[in-house]
Each structure stands twice: as C-alpha cells, then as structure tokens.
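Could you build all of it, start to finish, from the sequences and the hints given here?
As they're listed, the protein sequences go chains X and R. 1 is the number of the first residue of the first sequence in our numbering; add one for each residue after it. 1 is the number of the first residue of the second sequence in our numbering; add one for each residue after it.
To be clear, the hints were calculated from the coordinates, so they are not data collected in a lab. This structure is a prediction, so every number in the text was calculated from the model and none was measured. Heads up, some of the hints might be wrong.
[To be verified] The list that follows gives simulated cross-link-like pairs (lysine to any residue, SDA-like), each with its CA atoms no further than 25 angstroms apart:
id : chain 1 : residue 1 : chain 2 : residue 2
1  : R       : K437      : X       : L191
2  : X       : K62       : X       : I177
3  : R       : K352      : R       : T176
4  : R       : K409      : X       : L176
5  : R       : K437      : R       : G471
6  : X       : K165      : R       : V181
7  : R       : K352      : X       : Y158
8  : X       : K62       : R       : T147
9  : R       : K409      : X       : I153
[As the list claims (entries may be wrong)] Calculated from the model, a selection of chain R residues having no Cβ within reach of chain X, i.e. all distances over 10 angstroms:
id : residue
10 : D31
11 : E115
12 : A146
13 : D305
14 : R524
15 : D537
We treat Cβ as the ideally placed atom computed from N, Cα and C, and that holds for glycine.
Next come the chains, spelled out residue by residue.
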Amino acid sequence: MDMFLYVDVESFVHRLDPRTKLLLMFLSFAVGVMFNNILILTAALALVVAYGALGRSLSNLKRIRVVLVMITLFSLVIWSIARPSGNRFLVFSVDGVLYGLMIAVKTNLMIVAGMIFLSTTKIEEIAQGLVKLKIPYRAAFAFSTAIRLVPMIVATSYTIIQAQKSRGLDLDSGNLIEKIRKYVPLMIPTLISVIRGTNIFSMALESKGFGYSDDRSNLLEIRMGGKDYAMMTAGLLILAAAVVLKVDHSIYDAWASIFPWGDFA
Amino acid sequence: MSGTKSIEVKGLSFTYKGEGAVRAVDSLDLDVERGEFIVIMGPSGAGKSTLANSLNGLIPGFIRGKYEGSVLVNGKEARSTPVNRMASEIGLVFQDFEAQLFSTNVNLEIAFGPENFAVDRAEIAARIEKILRTIKLEGFEGRQPATLSGGQKQRLAIGSVLATYPGIICMDEPTTDLDPVGKLGIFNIAKELHEDSEFTLIIIEHETEEALNADRLVIMKEGRIVAQGKPADVLRDVAFTDEVGIMSLQIPKLLSELGACGRDDLPMLPAEGAEFFARKGLFLDRERFREMLDRDEARERGYGDTIVAVDRLSHVYPNGNKAVDDISLVIREREFIAILGHNGSGKTTLVKHLNGLLSPSSGSVTICGKNTAEHSIFEIGKEIGYVFQNPDHQIFADTVFDEVAFSPKIRGCPAEEVSVRVQEALEAVDMAGYEEKDPFSLSKGERQRVAVASVLSARPRIIILDEPTTGLDYKEQKRMMELIKKLNDSGHTIIMITHTMWVVSEYAHRVAAIKDGKVMMDGRTRDVFAREKELYDSFLKTPHIVSLGNMLGGTVLSVEEMKYCTGGLE
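This is how it looks when you write it as structure tokens:
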C-alpha cells in the first residue's frame, strides 16, 4: 500500500522552488485566519484548489476526502446546536448552520493548502528549502523526518490492527470507556515498533555519515527562477488585496452585503 | 590480497548498560585482511551484532555500556572516531531494510551518504550510476523505495552505504527477512563485491549453505570466537556445529552419522555425496523407501473432513492489483500444509481470506462450514487462529499470563476457564512457569512462542502461521517447529507460510506453491520436492539432502530418512 503523500509527477507546481511553495502555503493560512466570511473563504479555497489542479495533486485530496467531509459535518452539527443566536428550527439555528459552514471552509482551506504543499514537494526539497531559509540542517531534517514517519506509523498500525482482530479484538462494540480500553492492544505494539524502527533509523543515518560536517552538498538543485518570483508576486498581491479588504470597511461592507448572512466579522 | 589489515579487534569486551555483568562480547580478538570475505555465524546472543556495531563505533558512541579493548578499522580507532566519520571507512547494513531507507526516490537514497561528505553534484551523479549497476537497480532511479520489493530494498540499502566508497562493508543478517529471490540477489552482490581484491566483506548469516563461498568462516558463541578457518574445514566437524547450535550441512552430517567416512574426506555438497555413494557402493534401499511412502499414505487416511474450502477465489486490491487469481484449495482436518511463494506472489493475501481479514472479490471461502463473507472475523476466529510473522506486532500486556489470556477473556470466558486455557496453552509451547514474566524481556524465540500460545488459548481447530521461524536461530527454529508438529499431532490443522526450505521438507506434509496469484504446484511434499528443476526455476532450492535423494532416485525429506534408507553399509 502506498502511504506516501508526495505525488511523483511533473507539473508547474512541482518545479517551483520549495520556498515559494512554503510561502504560498503560509499565505493561504493567513487568508484563512484573517476572514470570517463565507464568500471570501470560498473564493480563497477555490484559488487553492485551482493551484492544486495546476500541481496535478488533487488525487491526494480524494484520499483525505473522508477527513474533509467529517470536518464539515461535525462543524455543521456542532455549531448549529452551539450557536446561541438567531431563529431556530427545533434545536438547530439557521445562523449556526452558516457559521458552521464558514468554519468548515476555513479549516478545509488550511488542510487542503497543507496537503497540496506535501503532495508537490519532496521531503528532501522541504529540508533543503528550510536550510536555505537559514534553519540549521539538523532541525530541517528532523522536521522532514517527522513528515515521513507518519506513513510508516500508519502502515505498522494497519498490520497491528489485523493481528489483534485475528485474536478476537472487536473495536466496534462496547461503550466509550470500553472502546478506549480496546485501543491499548493497538497502541502499545505500535509505540514499541515505532521506537524500535526509529532507533535503527538513527543508527543507519549515523552510519551513512549524517552530520559529518556542516558543509553539505545536495543532489537536488533548488533555485529561484522567474516562475517563482511571478508566483510569489501573485501571492503577495492577493494578500495585499486581502489586507486592504480587511482594513477598509467600506469595501469590505460592500462585499459582505452581497450575502450578509454568511458574514461573521 | 595486499596483506595489510582492514580490521584489528584486540581484547574487545562489551557489556550493555543495564544488563548486569553479562558480556555480549568477551575478550574478542579478530584480524581481517584487506580484500578478505568473512562470514560470521553463531546462535542468537553470540555477540555477532555487538561485534558489527563496534566496527563503525555505534558501540560505544551510540549504544552505551562498558567497553574494553580496541577496534582499529583501516588504522582508525573506532571507539574515539565519530560514527559519521567512520562512514567513509566502513559501511554497515542492517537486517531491517524498512527502517534504513528514508528518501523520496532511489537516486536520493544513494545520494544521501555522499551529500553528507559534501561530494559535488556531478560526482554524486556518477556514483549513483555506478552503484545502480552494482546493485542491479538500473531503471529504478525515480522509484519510491516503499514501492520496491524486499530484496530490492535491501539491495538499495547496500547501495546507499556503498555510495560513500568505504573499503569495507559489514552486513548484519541482510537476508533474514527476504524471500529466496531476494536472498539470491544479495549473495550475488556479495560475490561481485568480493571480486574487487581491495574490498573487504563481512557478512553475518544464518544460512550454512551460503557460508561455503567465503574465504573464512568465523563461529561465535557467548561473546567469543569458538572456531574459524576455511568454511569447508569448519563445517566438516558436524559434531561441533551441532553442539554450537548452527545448522550442520546435511551431506557431511549424514555420512558422519552413518560412520561411512572419515572426517577429512567428508563430501560437502549433494553432487559430491552422490559420487561418494557410487564409489563406496552405497545406494538408496528401495524396500525401506517404499515403507516411507506407505507411512505417508497411512497418515493421509487419518485425515478428517474438509475444514477449509477455497473455491475459485480472486482478490483485487483497490489499486487494481489482482493478488489472488482464481485459486481453489481444499484442506482436510489434521493436514499440515506449507504455502510457498515469493513476496508479492499472493500467498499472504490468500491466507488473510481464511480468517476473514480480507473478503473475496469473487469466489468463496468456507471455514468449518461457515462462509467467511457471512460471518465476522470474531466468529471465524473461534475456529481459526492466525499467528502473525512479527510477535512484536501483537504483544502488549505486562505479563505473559495477561497476553495469553487476552483472547479467551475477550470471548467472554469465565475467569476459571481462562486460567485453565492459559495453563494449557503455555504448556503446549513449553512455557509453563513464565506466567508472571514481562513478555518484552523475553528472547525473540520466546516471544514467538508466547504469540503462538496467545492464539492457542482460543482453542482454534486450524492454526495459520506466517513465517514462524524467521529471525530465529537454528535451535530456536527447530524448537518452534517441534512445537508446531506437536500441535499437528494433537489434531490441529496447520497452515504455514514460510521461505525456509528445510523446514518445509522436514515438517510439512503437503506443499502449495503460489506464483502470480495462482497455485503452481500442490501436492505431497515428497512429490513436489521431486520436481527439483521446476522449484529451482522459481528460485526455491531444495535442501541438500533432498537433492541427494533425488540424484539417488528417491525423494527423501530429512537426514533421518536418508539414514534409514541408505543401503550397502558394511
């Protein structure tokens, strides 16, 4: 089973410098945090998805579609009950549904932006990009290693679940506390396997000369090019527009009035 | 050989932190000449890995403990040189290939070492090309390591270590987790590397038959070197190898136990053995051989009704890969069947259908009359137990008792019944008295037996074992197999996946070989092993004693059988 997030294809986005992609990801996060307006957030999400399509990485979104849908559903249900104001239909408030939708779009925007970054950037490029941003190599490597460990842990826990199910572990039955207790036979072997694996991993690293000198060469060449500056400029322009929108109330209100029910500024 | 020393180990002793006074390696001396190929063998706990990890300074730099003596590698003191500096002198390859690989693609994996030494880009590219040729992975440059087979992964691990151009490479049980094809790939690389007269090669290995290619064989036990010399000379002493606990070569074992031959003239290989038989007028006694065939038939008459019925089973994974392709298989109660096949042949996918972990894409699987598609794993699990390959993927409890009690408890047995079952299961695996022990403190062989016990406690009629002997030394393997034989004798139906051919020939009564999702051969072990050429074409090498028997005109399955059938002795 292929557990790795990186989508190994050629695309415009794949060829961008990792620093550019990192910046674009953080810009998406910034826009997500700045606004509480459904229209603006949806527009931002559409932009991010278009960028992902450019990077031929939307297939990865399919893999996390369950997560995205679950977040949306949870947000809708919880906020429609928890939101105090507005007209209610039974226990659900209409205002709450819209608020929940807004939060869902906001959260999914950030997840999708992060996913597209990981789908189009090799872990070595992430590490190298961070090094170029003056982050020490060891720290950059540790960060990229953490990303890589996730699929390893998922694969191991998959085997462990099968082994324990074969012994009669039934995860579906029982109340909440019983269910939590049932995860012990899964957690402990997973932890131990991961610890054992990382131990060998670090021995293998050292044995291949990791950390021999601070001066390290790189097989991959990352360099800022015209398309990087173009993308960064475009990104920063969008952010500037967003800031103007945020600061200048008259423009913001004009926008918000198109669909006033979806605005929670 | 240029005569200078690659490695000089003098008076090395090492005690792991927290292990009291037990010396993992005890006043060990070892010199290795430049260009030499040595194989190190010995039972678990002999200190082989400790020695390997001392060579590049992982001990004591990374793994702490009490260290005495000295290790010089190309004149560098391993103890005081940082491990990452040693990487340009000696490369270390570990058994667990999954944890050694971490890059996005094959090229980057190989580049990692040279990058650390700031080798420039053009030179790295040149090295990658050269190393891909050595490890036979040309054309795989852009592949993600996770998508490679086990053998390819281990070859890549070797390549990634070779890339810093060390003059020495040490592999710690590189083939243990590999299938026969994967193993062969590693041995071929070793042979090729050895052709370079300046390159020093050290391999820690369990397979006696492969040790014959080395310049020198070193046998370790309890932290010391107990014998070394030309492989043939060391292995000729069958009484000694038996005593140390490594697998003896079968031909010398047979002839020395028959008393047919003086120690110095013992033939080593099947062809030499057959030639010896002809020269001395020995032969395969037809009448006695017939008796064995009769015994096979008598056993088969004792089988019960059909207990596993696989009918036209196919399985297609979500990615479109058809792992099992129209397999039909009927297993009767009390059979002992071994499933052979390479990684990716579909054998694991097949057996995962038997207890309902996977559902058929088409066809059906019936266990004790229950269709697996209509019953839950929980219910099928009452009839069929599944011991996974790695016991560490299931052990979680604080005591052996709790571990073994897990299955009956979760099935709602009352406390008294639970302790009776635990008792019974632990006795079956020879581990009564271990109830209060912490399973994590046990040896690999003992953990494997706890895993079997924890399946037995559910009292299944059928037991599936996935590579039950992998990672165990010869004595532990033998013990595990005797245990499984005992379970079979007491009425359990056994389905075992394995790569270890001597285990199949000595213990399994029936063999099904799977290839590309189809059953290629299925029959009595004796009949399948008679088709040596066909097996060999699938990289399944029959044990030496079977090959000898085939040459003499009758398929024998163990040294004992051959001893019984040898005629013409004075």
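Status of the hints after comparison with the structure:
1. R:K437 <-> X:L191: Within the cut-off at roughly 20 angstroms; holds.
2. X:K62 <-> X:I177: violated (32 angstroms)
3. R:K352 <-> R:T176: Distance of about 23 angstroms is within 25 angstroms: holds.
4. R:K409 <-> X:L176: Within the cut-off at roughly 19 angstroms; holds.
5. R:K437 <-> R:G471: Cα-Cα ~22 angstroms, so holds.
6. X:K165 <-> R:V181: Distance ~31 angstroms between K165 (chain X) and V181 (chain R) Cα, so the pair is violated.
7. R:K352 <-> X:Y158: holds (13 angstroms)
8. X:K62 <-> R:T147: holds (20 angstroms)
9. R:K409 <-> X:I153: Given that 25 angstroms is the threshold and the Cα spacing comes to 28 angstroms, the pair is violated.
10. D31: holds (22 angstroms)
11. E115: violated (5 angstroms)
12. A146: violated (6 angstroms)
13. D305: holds (24 angstroms)
14. R524: holds (29 angstroms)
15. D537: holds (30 angstroms)
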